[in-house]
Amino acid sequence: MSKRKHLANFSLTTQLFALVVAMFGFGFALVPLYDVFCQLLGIGGKTAAQATAVVEAPDLSREIVVEFVTTVNEGAPWEFRAEVAEMRVHPGKLYQATFFARNLTGQPLVGQAVPSVAPGQVAKYFRKTECFCFEQQSFFANEGRDMPVVFILDPEIPRHIDRITLSYTFFAIENLAGTVTGNPPGI
Amino acid sequence: MGPEYEATADQYQADDHDHHGAPSGIKRWLFSTNHKDIGTMYLVFSLLMFFVGGTMIMIVRAELFQPGLQFVDPAFFNQMTTMHGLVMVFGAIMPAFVGLANWMIPMMVGAPDMALPRMNNWSFWLLPVGFTFLVATLFMPGGAPAAGWTMYPPLVLQTGDAFPFLVFAVHILGASSIMGAINIIVTIMNMRAPKMTLLKMPLFVWTWFITAFLLLAAMPVFAGAVTMLLFDQYFGTHFFNAAGGGDPVMFQHIFWFFGHPEVYIMILPAFGIVSEIIPTFARKPLFGYNSMVYATASIAVLSFIVWAHHMFTVGMPLAAELFFMFSTMLIAVPTGVKVFNWIATMWRGSMTFETPMLFSLAFVFLFTIGGFSGLMLAITPVDFQYHDTYFVVAHFHYVLVPGSLFGIMAGVYYWLPKWTGHVVDEKLAKTHFWLSAIFVNITFFPQHFLGLAGMPRRIPDYSTQFADFNMMSSLGAFGFGLSQLLFVYIVYRTVKGGEKASSEVWDNPKGLEWTVPSPAPHHTFETAPELR
Amino acid sequence: MTNSSGFRLVGKITTLLGLMIIAPSAFADMVLNLRRGVTDISQTVYELHMLILWVCVVIAIVVFGVMIVSIVLHRRSRGAEAASFSHSTKAELIWTIIPVIILVWMAVPAAKTLVVMEDLRDSEMTIKITGYQWRWHYSYLGTEVDFFSTLARSSNIARQLRSGVDPFSVENYLLDVDKPLVVPVDTKIRLLITSSDVIHSWWMPSFAVKKDAIPGFINEVWFKANETGTFRGQCAELCGRGHGFMPIVVDVLSQQDYAAWIDAKDRGETVAMVDSTADTTAEAPAAARELSGEELYNISCGACHQANGQGLPPAFPGLVDSAVVDGPVAEHIDIVMNGRVGTAMVGFSTQLSDAELAAIISYERNAWGLNSGDTVQASDIAAAR
Numbered sequence: 000m001s002k003r004k005h006l007a008n009f010s011l012t013t014q015l016f017a018l019v020v021a022m023f024g025f026g027f028a029l030v031p032l033y034d035v036f037c038q039l040l041g042i043g044g045k046t047a048a049q050a051t052a053v054v055e056a057p058d059l060s061r062e063i064v065v066e067f068v069t070t071v072n073e074g075a076p077w078e079f080r081a082e083v084a085e086m087r088v089h090p091g092k093l094y095q096a097t098f099f100a101r102n103l104t105g106q107p108l109v110g111q112a113v114p115s116v117a118p119g120q121v122a123k124y125f126r127k128t129e130c131f132c133f134e135q136q137s138f139f140a141n142e143g144r145d146m147p148v149v150f151i152l153d154p155e156i157p158r159h160i161d162r163i164t165l166s167y168t169f170f171a172i173e174n175l176a177g178t179v180t181g182n183p184p185g186i
Numbered sequence: 000m001g002p003e004y005e006a007t008a009d010q011y012q013a014d015d016h017d018h019h020g021a022p023s024g025i026k027r028w029l030f031s032t033n034h035k036d037i038g039t040m041y042l043v044f045s046l047l048m049f050f051v052g053g054t055m056i057m058i059v060r061a062e063l064f065q066p067g068l069q070f071v072d073p074a075f076f077n078q079m080t081t082m083h084g085l086v087m088v089f090g091a092i093m094p095a096f097v098g099l100a101n102w103m104i105p106m107m108v109g110a111p112d113m114a115l116p117r118m119n120n121w122s123f124w125l126l127p128v129g130f131t132f133l134v135a136t137l138f139m140p141g142g143a144p145a146a147g148w149t150m151y152p153p154l155v156l157q158t159g160d161a162f163p164f165l166v167f168a169v170h171i172l173g174a175s176s177i178m179g180a181i182n183i184i185v186t187i188m189n190m191r192a193p194k195m196t197l198l199k200m201p202l203f204v205w206t207w208f209i210t211a212f213l214l215l216a217a218m219p220v221f222a223g224a225v226t227m228l229l230f231d232q233y234f235g236t237h238f239f240n241a242a243g244g245g246d247p248v249m250f251q252h253i254f255w256f257f258g259h260p261e262v263y264i265m266i267l268p269a270f271g272i273v274s275e276i277i278p279t280f281a282r283k284p285l286f287g288y289n290s291m292v293y294a295t296a297s298i299a300v301l302s303f304i305v306w307a308h309h310m311f312t313v314g315m316p317l318a319a320e321l322f323f324m325f326s327t328m329l330i331a332v333p334t335g336v337k338v339f340n341w342i343a344t345m346w347r348g349s350m351t352f353e354t355p356m357l358f359s360l361a362f363v364f365l366f367t368i369g370g371f372s373g374l375m376l377a378i379t380p381v382d383f384q385y386h387d388t389y390f391v392v393a394h395f396h397y398v399l400v401p402g403s404l405f406g407i408m409a410g411v412y413y414w415l416p417k418w419t420g421h422v423v424d425e426k427l428a429k430t431h432f433w434l435s436a437i438f439v440n441i442t443f444f445p446q447h448f449l450g451l452a453g454m455p456r457r458i459p460d461y462s463t464q465f466a467d468f469n470m471m472s473s474l475g476a477f478g479f480g481l482s483q484l485l486f487v488y489i490v491y492r493t494v495k496g497g498e499k500a501s502s503e504v505w506d507n508p509k510g511l512e513w514t515v516p517s518p519a520p521h522h523t524f525e526t527a528p529e530l531r
Numbered sequence: 000m001t002n003s004s005g006f007r008l009v010g011k012i013t014t015l016l017g018l019m020i021i022a023p024s025a026f027a028d029m030v031l032n033l034r035r036g037v038t039d040i041s042q043t044v045y046e047l048h049m050l051i052l053w054v055c056v057v058i059a060i061v062v063f064g065v066m067i068v069s070i071v072l073h074r075r076s077r078g079a080e081a082a083s084f085s086h087s088t089k090a091e092l093i094w095t096i097i098p099v100i101i102l103v104w105m106a107v108p109a110a111k112t113l114v115v116m117e118d119l120r121d122s123e124m125t126i127k128i129t130g131y132q133w134r135w136h137y138s139y140l141g142t143e144v145d146f147f148s149t150l151a152r153s154s155n156i157a158r159q160l161r162s163g164v165d166p167f168s169v170e171n172y173l174l175d176v177d178k179p180l181v182v183p184v185d186t187k188i189r190l191l192i193t194s195s196d197v198i199h200s201w202w203m204p205s206f207a208v209k210k211d212a213i214p215g216f217i218n219e220v221w222f223k224a225n226e227t228g229t230f231r232g233q234c235a236e237l238c239g240r241g242h243g244f245m246p247i248v249v250d251v252l253s254q255q256d257y258a259a260w261i262d263a264k265d266r267g268e269t270v271a272m273v274d275s276t277a278d279t280t281a282e283a284p285a286a287a288r289e290l291s292g293e294e295l296y297n298i299s300c301g302a303c304h305q306a307n308g309q310g311l312p313p314a315f316p317g318l319v320d321s322a323v324v325d326g327p328v329a330e331h332i333d334i335v336m337n338g339r340v341g342t343a344m345v346g347f348s349t350q351l352s353d354a355e356l357a358a359i360i361s362y363e364r365n366a367w368g369l370n371s372g373d374t375v376q377a378s379d380i381a382a383a384r
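Chains as they are written, first to last, in numbering that gives the first Met the number 0: chain A, 0 to 186; chain B, 0 to 531; chain C, 0 to 384.
Here chain A stands alone, though its shape is the one from the complex (with noise of 0.2 Å):
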């Protein structure tokens, strides 16, 4: 093969080489685009991580349904239930909603609630000032309490919907749990 030939394939490979690592990069980027693309078209019904700051202008001429389910995940041992299944809101006046969650064990343990709004495309609507999902929770063995959710709904809201969903699910934080019970997990 002539000089020039391999000139040629080692550029040309080279270019395509930098393809390959420039399309596993954008693989990765997937992660921040997909978040972009969630909060555009409500995929998941994420709701903001942060409180954000919001202004009252109650409509009171339309009236939503908020429901309160709640779900524990992988059957850990937390009593976790929302105070009230059900609240007739105002868009654009503030609520507070009150969850229950009790360490059912007799060990320290830390958990995060992980909000999701059902229909998707309202949690750019659904705005929360305070939330105890905003950070995780530990609990002393057996305690239970009350943790609370302030939010409003944005007037703009889509004029079709009539009933919202907020949805918390509890998952255990093993690796910290494990520090702070000084108790090596496994059987």
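Treat the hints with care, as some may be off.
16 Å max Cα-Cα, derived EDC-like pairs, lysine to aspartate or glutamate [claimed, not checked]:
| hint | chain 1 | residue 1 | chain 2 | residue 2 |
| --- | --- | --- | --- | --- |
| 1 | C | Lys187 | A | Asp161 |
| 2 | A | Lys92 | A | Glu55 |
| 3 | C | Lys264 | C | Glu143 |
| 4 | A | Lys4 | B | Glu525 |
| 5 | C | Lys187 | C | Glu117 |
| 6 | A | Lys127 | A | Glu55 |
Just so you know, the hints here were simulated from the structure itself, not pulled from any lab data.
With chain A held as given, fit chains B and C onto it using these hints.
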């Protein structure tokens, strides 16, 4: 402007002038940089993997022969379906196409070898390494991966010790196919004979050229996805874990961003093979050469914007469901163009039905049936009923078995005389064809009915109402599996001996590969052929 | 193959072929096809399915027809001479444009159906469905009613590896549960679907509802059944070893019957009318008696810890050499009832009775050569609740 590649290469006319033949012994294979030897190794390896994956599915079909669990534990059943998918996709179909590419592309474009022969050696030898890791997982605590070849988290994170080996194997196999793809692109771009312009290349070369770009774009994304899985499992990241702000559905998006192009990676080269064979046996040039190239390219481009049709049930917004439905339906158009062009090629031809042609005709017929069920699956509201049922299993097996696999078989029967210098025993080969064609339908056609009647896929046991069709399907699968032993025998016999093949082998086939003697000498086109 | 199933197979094929020859339209109503279902949506979906199917059949007849004619006529053995044409822009345009028109024509009704499916307005009640490995949990929002729905005992016994029970002797084999989901007829019901562990998928073919249950996320979907009756479906997303064994059964009751049922359930009563159908009607011989600790263990624990107690390490540890099974009884009871944080071990306190839990724990402590001699009583469990 059709490809007018009638070569005047006469350097092989007299005698085999091979001045440096193949080295002998194990070294010939271990250190080979010869595209023909490496092509052979790819093909033999893929045949081996075809039987490994086939054995696994025989276990599955034996368990599904009757309702109730007779032979294996459901956990092992899941390992078998998962490994069957991984082995067939990454071990049988893809390496077989790379093997055919290795053998044929240099000969078809008039190049002496692949552009990067040493990388060629490396990309092959990574395969056995990768599969050693993958198959070794069967003997690890917790067993082989059992979360399906799609590896959805969180389920895949319940895999035992096999998990890091699964990820590592995928990385190695991915690296192998990426290097193979790069080699093919560089060969096609830089190694073509003078006057072999892009639009004169045989369609097999074209389809592989486009496939190689699909590989380069899709495989690294897949490698990224499994890397994220690995990080989630061992390094405390939360890419796919809701507790840390991740989303398991995101894995599905990333996976199918790779996975849908992967589907076309496994079918486009078969399109190319069939586009070589039908003109030869219809004795008529391929109809609509240019539109075939454009159709292939548009299928490839579209394949990157349809991925979410694999996951309509995850709960997408209406707008996304509509978009992915429309884009998926759109793929039917270029696919249809290809089928119409094949039929137009046959029309008013002078057809004969040697084994490669029989496999190609079965390909057109049965792949189109798979295309129809694909169109049905594209309709989102109805897909909610089909999704994850045996209807889907029937669909993708129709495009992969009588599609990709029959394409490969057609190619092997077409070129085997060129490789070995011996004519294939037509009687045996036709027996193999008819057995395969009949059993493949007995296996997969009833699965449409099972899916529509409500049988989910990937279940080790089923309700009694599904018993009859499952029994039929199992019988078909056993028959199909056994028939493939005949294929091995035919290939073995042809390699060992038989009637001498002429350099043209068939009746006036077109293409540079037919201008070299049969068997093709160890080195071909060391001086570029002159095209008219 | 047993004789009877062999006959069934032959019989089926004969019927099939016969029907396809005599009455091609009849096969639309056989089990070969999608079911029409009992909701407006499922019927629309069925019609869409049939429309696309027939469009495909017509295209197939045309395309394969041309191909077969060509294969028959244009063969060398008939002396056909090959023509030499190799392209035609007109033909290419025709077979690009016509499919586009057909596709657009099919896309319109499909899009319309999709819009209706996604319209959750004016739903009259909400039920939350949670997928577990490997059972479903139903919770009626706004009431105290919630329960697990698990594979019926008769099926569960028959489906064990080499159980010796003929699946054909089990009524609704693998499609029956202990407690079905009960809903009223003619009511728009909204389902909230999520999961507690891995991804599952709640599929009810008769309602054309299939939605994934994803841990940490909530999905919604609705249906409105037009007929009363019992409808059966299955989990449709691979969720591990027990994926094939978590069926879904929905009892659609008249609105009066439903009101009575939910009232009684809300007061904590068991309602014989519905709750016990699975276990009384599907009396497989083996299910007629109390199950032993070993049988209960195989059904509830064996999936992960294995019948031989060796487990599937590392995800599912073995019990044979476990410090828990060999250690203090109280801790053993605690883990079986409440599960273990951060592992796949879920708590069984809500899913099994005191007696069943006691039987399992006693079995575990004495099986596989452990022979501790400990016996746990139902009262011990009750005390630990």
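* **Restraint status (C-alpha distance of A/Lys4 to B/Glu525 at most 16 Å)** => Holds, at roughly 14 Å.
* When you check the alpha-carbon spacing of A/Lys92 and A/Glu55, does it fall within 16 Å? -> 5 Å, holds
* Has the given pair, C/Lys187 with C/Glu117, been kept, meaning a C-alpha gap of at most 16 Å? -> Between C/Lys187 and C/Glu117 the Cα gap is close to 13 Å, so the pair holds against 16 Å.
* C/Lys264 and C/Glu143: Cα distance at most 16 Å? -> Holds, because 8 Å separates the two Cα atoms, which is no more than 16 Å.
* **Restraint check for A/Lys127 with A/Glu55, where alpha carbons must lie at most 16 Å apart** => Cα-Cα ~12 Å, so holds.
* Is the straight-line distance between the alpha-carbon of C/Lys187 and that of A/Asp161 16 Å or less? -> 14 Å, holds
Comparing the model with each numbered hint stated earlier shows that all of them hold.
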